[in-house]
Amino acid sequence: MPKMGDAMEEGTLLKWLKSEGEEVSEGDPIAEIETDKVTMELEAEDEGTLAQLIASEGQDVPVGEAIAFIQGEGEEVPERSEEGGEAEETEEGGEEDGGAAQATATETEAPEEEEIRGQEADGRADGRFRASPIVRRLAEENDLDLSKIDGSGPAGRIVERDVRAAMESGTAQRTEDGKADVVAAPEQPQAQPAEMQGFQPARLPEPTEEPGTQLVEPTRMMQVIGERMTESKQHVPHFYATVEVRMDAALALRKQLNEQLEAEGIKLSVNDFVMKACAVALRNYPNLNALYTTRGVELHEKVDMAMAVALDQGLITPVIRDIGSKGLAAISQESKDLAMRAREGKLQPEEYQGGTITVSNMGMFGIESFTAIINPPQAAIVAVSSIAKRPDYDENGEVVPASLMKLTLSADHRIANGRDGALYMAEVKRVLENPVMLMV
Amino acid sequence: MSADNEHSEVGGVETREDGAIATSSERLVDLYREMALIRAFEEACQRGFRQGKIGGYLHVYIGQEAVATGFLEAFQEGDRVVTAYRDHAHALLLGSDPKEVMAELYGRETGLVKGKGGSMHLFDVERGLMGGYGIVGGHIPLGVGIAYAMRYHETDHITQLYLGDGAMSQGAFHEAANLAGLWGLEGQCPCLFIIENNKYGMGTSVERTTAMTDLAAKFDAYGIEHEKVDGMDVEAVVEVAERVVEQVRETGKPYAVEALTYRTAPHGAADFFEKYRTKEEIEEWRQRDPIALVEYKLIENDVLDEEKLEEIKSEAKERIQEAVKFANESDEPPEEELYTDVYSGEDEYMGEE
Amino acid sequence: MAETKTYREALREAMVHELDRDENVVLMGEDIGVYGGTHLITDGLYDEYGPRRIMDVPISENGFTGAAVGMAMMGMRPVVEMMTWNFSFLAADQIIQNAAKVRYFSGGQVEVPLVIRGPNGGGVQLSAQHTHSLESFYGHFPGLKVVAPVTPNDVKGMMLTAIRDPNPVIFLEAGSLYGTKGEVEDGDNAVPFGKARIAREGTDVTLIAYGRQVDLCLRAADTLAEDGFEAEVIDLRSLRPFDEDTIVESVEKTHRAVAVQEQWRWFGVASEVAAIIQERAFDSLDAPVERVSGAEVPGPYARNLELMAFPSEKQVTNAAHRVLYEEEK
Chain A
416 MPKMGDAMEE GTLLKWLKSE GEEVSEGDPI AEIETDKVTM ELEAEDEGTL AQLIASEGQD
476 VPVGEAIAFI QGEGEEVPER SEEGGEAEET EEGGEEDGGA AQATATETEA PEEEEIRGQE
536 ADGRADGRFR ASPIVRRLAE ENDLDLSKID GSGPAGRIVE RDVRAAMESG TAQRTEDGKA
596 DVVAAPEQPQ AQPAEMQGFQ PARLPEPTEE PGTQLVEPTR MMQVIGERMT ESKQHVPHFY
656 ATVEVRMDAA LALRKQLNEQ LEAEGIKLSV NDFVMKACAV ALRNYPNLNA LYTTRGVELH
716 EKVDMAMAVA LDQGLITPVI RDIGSKGLAA ISQESKDLAM RAREGKLQPE EYQGGTITVS
776 NMGMFGIESF TAIINPPQAA IVAVSSIAKR PDYDENGEVV PASLMKLTLS ADHRIANGRD
836 GALYMAEVKR VLENPVMLMV
Chain B
243 MSADNEHSEV GGVETREDGA IATSSERLVD LYREMALIRA FEEACQRGFR QGKIGGYLHV
303 YIGQEAVATG FLEAFQEGDR VVTAYRDHAH ALLLGSDPKE VMAELYGRET GLVKGKGGSM
363 HLFDVERGLM GGYGIVGGHI PLGVGIAYAM RYHETDHITQ LYLGDGAMSQ GAFHEAANLA
423 GLWGLEGQCP CLFIIENNKY GMGTSVERTT AMTDLAAKFD AYGIEHEKVD GMDVEAVVEV
483 AERVVEQVRE TGKPYAVEAL TYRTAPHGAA DFFEKYRTKE EIEEWRQRDP IALVEYKLIE
543 NDVLDEEKLE EIKSEAKERI QEAVKFANES DEPPEEELYT DVYSGEDEYM GEE
Chain C
343 MAETKTYREA LREAMVHELD RDENVVLMGE DIGVYGGTHL ITDGLYDEYG PRRIMDVPIS
403 ENGFTGAAVG MAMMGMRPVV EMMTWNFSFL AADQIIQNAA KVRYFSGGQV EVPLVIRGPN
463 GGGVQLSAQH THSLESFYGH FPGLKVVAPV TPNDVKGMML TAIRDPNPVI FLEAGSLYGT
523 KGEVEDGDNA VPFGKARIAR EGTDVTLIAY GRQVDLCLRA ADTLAEDGFE AEVIDLRSLR
583 PFDEDTIVES VEKTHRAVAV QEQWRWFGVA SEVAAIIQER AFDSLDAPVE RVSGAEVPGP
643 YARNLELMAF PSEKQVTNAA HRVLYEEEK
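Protein chains in written order, with the working numbering: chain A, 416 to 855; chain B, 243 to 595; chain C, 343 to 671.
By construction, these hints were calculated from the structure, which means they are not laboratory data.
As the structure is a computational prediction, the values presented were derived from the model and not from experiment.
Please note: incorrect hints may appear among the correct ones.
What the hints assert, rightly or not - Computed cross-link-like contacts, SDA-like style, restricted to lysine to any residue with a CA-CA straight-line distance of at most 25 Å:
no. : chain 1 : residue 1 : chain 2 : residue 2
1   : B       : K555      : B       : E579
2   : B       : K559      : A       : V492
3   : B       : K559      : A       : G489
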């Protein structure tokens, strides 16, 4: 490819004007070449046989790379290489695996910024203050605590004369144990993010480091979950409502359906039934399928149900979108798949973000009942406990064995009141005890 | 080439087309050899540029060979040559090794100026070549100063100062010519101005750049004597050169010769379309190609036959191929070279990070 | 041995010294010969040395500067006068494209022992076209050396060094200081390039300047002393090569710096000073480096406007007060 301009780096071989094997003379046009400025004819520089067309029509070739070979007398045609000229290595835009690294329930702020501030360790609440470079150096050299020096410079900057004055009066010496002698959040070990300072009481004890103790630093996921749960508990006015559901009819239906679905490899679980029932019941109680936003309650028509999945190092809530429009089989498959991938750390962000209501099932652990913490900004969460076989009364007053399961609603009192919550749960119970309602 | 038209006019200069040899045949063969070498070199440069081996600008002398070849026939040791950027021929004629010149164009450490100048800045001070400059007209005052220094130091050397028709619009030319004429009054400026008038300042014809197209006559304004010569006829150039160089040497006064020539190659490597002139015009001037003219003479006068001419041309091509090989095989300059020669006496000075 | 001389006399003394010492030295310029020079620097030299050594040239800055470059390439040592440095733009192509670079692009085959000198700077109501101060302009180019001597002793000593230097030297004389007096050493008092001069020692703040601003800073220092602040004043005097060490050492001592320049703020010498200080003396700084520059306008004619267009003592003391965290007055 000839260089046809000072700045030209590559050209396009538009068209071959001669064929391979044709005889050419000096000056014969053999190809059309296009640059970003112009289309030109390329003339043969020598006589001979156009033994090899290396570049193909339409190919971009960098300047200086071979595009053809004119064989002169006694010359040998070079071996054809795999590609016409060296193709530029294309970088595969490899998509990074989103899974493990992003297995957090929510978005988080980069903790780095917080860490740097934490290192200042001067006791100021925001961790930052102004001091000129010489001041910092003098403080270092003389073991001074800058938090004790008032800055007389612009915007409270501590300047040299302030340090000099402090040195003379000896008011800013650090205390002997090397720590700042101030009543404030003490230095945190570097691994812990300063985030936790905001959501914990002002005094956390230092680790004792006594024999028989082991310091476990929280993982990022645990930190985030802790933060969110704290926030939820502190800011959302929770109230609770529990119902006890007779699951016999549902269990029978489940058995029946599973026999039919066995061939397809689908096995419905109790939780699938519960989730579907919760979704169906929301039709009449839409304010429990809502989000609390900056400007009010956002009601959602579709139910995006988040299901809590326990992990070794925390918890994640993958979401089944528009669960109300899906049948039990679909719900079953989706929930199994999400749970499996959640445990493998292979969920995509869009699979665990969002959600308008959560269902948390601890039935497999033999829990009689429990209350769950709402995932803000959702309005509610339903806690599903285990099925217990106990005697119960039928409509005739006779004692009959019954499979009883408790469901507890936690709801945001800013969005729904006690009566809404109670009525909703009664509806869920009704649907589960009359499982044909799941078809509607 | 018609033998019956012994004289004709080209741009107001008499040309000889009778095919007679003016100097001796041996000399003409030598001149031919030199021009063939230049031609082969310049053609190799064009190839090198297209292959991406030569970067930046490339201004070749194809078609103008007779001018420098003729004038440098009159060069004597101690003289100096200053030209602009179309300088490969001047370097080769003064005896620079084609290997080193090609290596310079290829940007190698073995280049004539260590790879730090490139095509436009060829210097071979030992052989008399004082550059190689990129700014049109910018070199002209330098040439005049160099000539002045020669008389200041009481030598009888002279300076051959080459410039193009385009440069004669620059203020620098006029200022320098004025100084030359002024200093020449006292015989203190042995500067021979050689105007390589190839009819175009890059893409603009002489007629479109000045109302007074008689370039030689412009020197009247500065009190400098002048004449014209057919720049395609190397023997005509030699005749003029030997005469005027002597005169400049004796008088210490500047002199100007306008050589009417033509470059059949584009101005530079990026001058693709040559919108400013017609293919017919180029073809017309190809008929007067200086090398072809000499070939005609040599054959007409039975000095050499076609075969021998081919031999000479092949030799030239071979020599140039060796130069290309040498350039290809040479290394680029070492990194330290970046900081050298910025100042004299103190390298690595205020340049290193 | 030293004598009190004017800047003008000292400058001329240097040139005479070299004219006597080296046959290759010639002076070139407009009206420097017969006329005696527009600033009377070369007055009488024509009679003494003749037209061969003292060359009057026609008004053609590009032409004669370029010719001087050619002469220098051949071993002569021309000292070219720019009647004022404002005219140098006409010769800028020769200075920048040829003189500064030809050694480099000839691979070291030639050198250019050339001095270009002339009055530089404003302050005498010569209006916009005659008021430039070109330290940062020429200081920008590798291949040139740029100096701006302030004292009579320095102008003599640095001119000796300049003429002997095998490189092109841009010799910026403080035009408004031609008449000032100072002690000048006899004989060969060559002052090396690349070394700044401490014009006044101090401990509280460093004032850095060149050209006529050095005097300005000395006056400002006196004013600051009245308030108990001792300023150290540095006369850069050599722009290329630049003396970083003296500045850095000073700021490490005083912790505060003000850079003063006659010409405009943008891309000026003071910016360079500030950059160097923050690079090398960051931990010693008590305040950011302040710059005092000329107003961002072409030089005006009216006396009062012109005074406003250039740094004033007040601006320097105020800047010093700012870095001292004192109230401006």
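Taking the hints in turn, this is what the structure says about them:
Of the supplied pair hints, the one linking B:K555 and B:E579 is violated, its CA atoms being roughly 37 Å apart against a limit of 25 Å. Restraint check for B:K559 and A:V492: satisfied, since their Cα atoms lie roughly 23 Å apart, inside the 25 Å limit. Distance hint between B:K559 and A:G489 is fulfilled; the C-alpha atoms sit about 19 Å from each other, no more than 25 Å.
Hint compliance for this structure: hint 1 is the single one not met.
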